[in-house]
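Chains as they are written, first to last, in the working numbering: chain Y, 614 to 726; chain H, 63 to 177.
No wet-lab data here; the hints were simulated from the structure. Quick caveat, the model's predicted, so the values are computed rather than measured. For every residue, glycine included, the Cβ atom is placed at its ideal position computed from N, Cα and C. Take every hint as true, because none was put in to throw you off.
Have a look at the derived ranges for each label pair, beta carbon to beta carbon:
#1 H:120 to Y:620: 22 to 32 angstroms
#2 H:103 to Y:641: 18 to 28 angstroms
#3 Y:623 to H:88: 26 to 36 angstroms
#4 Y:658 to H:132: 18 to 28 angstroms
#5 Y:693 to H:103: 21 to 31 angstroms
#6 Y:653 to H:121: 20 to 30 angstroms
#7 H:115 to Y:620: 31 to 41 angstroms
Some residues of chain H that are not near chain Y, with every Cβ distance over 12 angstroms (derived):
#8 73
#9 78
#10 82
#11 114
#12 128
#13 132
#14 140
#15 143
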Amino acid sequence: TQLLEQSPQFLSIQEGENLTVYCNSSSVFSSLQWYRQEPGEGPVLLVTVVTGGEVKKLKRLTFQFGDARKDSSLHITAAQPGDTGLYLCAGARITGANSKLTFGKGITLSVRP
Amino acid sequence: NAGVMQNPRHLVRRRGQEARLRCSPMKGHSHVYWYRQLPEEGLKFMVYLQKENIIDESGMPKERFSAEFPKEGPSILRIQQVVRGDSAAYFCASSPPGRRTGELFFGEGSRLTVL
Numbered sequence: 614t615q616l617l618e619q620s621p622q623f624l625s626i627q628e629g630e631n632l633t634v635y636c637n638s639s640s641v642f643s644s645l646q647w648y649r650q651e652p653g654e655g656p657v658l659l660v661t662v663v664t665g666g667e668v669k670k671l672k673r674l675t676f677q678f679g680d681a682r683k684d685s686s687l688h689i690t691a692a693q694p695g696d697t698g699l700y701l702c703a704g705a706r707i708t709g710a711n712s713k714l715t716f717g718k719g720i721t722l723s724v725r726p
Numbered sequence: 063n064a065g066v067m068q069n070p071r072h073l074v075r076r077r078g079q080e081a082r083l084r085c086s087p088m089k090g091h092s093h094v095y096w097y098r099q100l101p102e103e104g105l106k107f108m109v110y111l112q113k114e115n116i117i118d119e120s121g122m123p124k125e126r127f128s129a130e131f132p133k134e135g136p137s138i139l140r141i142q143q144v145v146r147g148d149s150a151a152y153f154c155a156s157s158p159p160g161r162r163t164g165e166l167f168f169g170e171g172s173r174l175t176v177l
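Construct the entire structure; sequences and hints are all you get.
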């Protein structure tokens, strides 16, 4: 059972275009994170959202957490070739002092110059 | 500040051999997680350890796989009698104690190829 569904799975766009990708779940999470992974490297944390409805901006990237804390979106303005990579969302369940992160399959983004 | 260190970065084994993957967490981090990644699949949770304790091993295959995080030294993921299906990238991640939002800091991974 895939708890986190990311869409679209693949996206190829031209430099300068805007895009929005999604991370959806039927489960509620304590927090949700977005990571970016480049080939041959490990995932790097981009942002954590915690509160339902929360919006966070990171330069040209805008992240939103759904009101019910089950889904999230990532919007990139004026995409650049450097944005190319695998974007992973991950939901955290925290019980006591322990936490467990569940990842979606990721969105492969290619930005053509 | 050193990040999460994994070694080896690449490992080639023949079927039936053992693979040992090592992970040193970030300084000050006492929680270690191991994930496996296959092409076009997400990161699959394997095991969560704190020093000398396995907290959650619900993602570990029942046979041939084991993990430890001793009081001294790195965490080790051991795969005995490897098979071709074990070929994957194995990522270690760490987090500090008391982190309430669950963020993980990943190493660059160990890529296992089983011939």
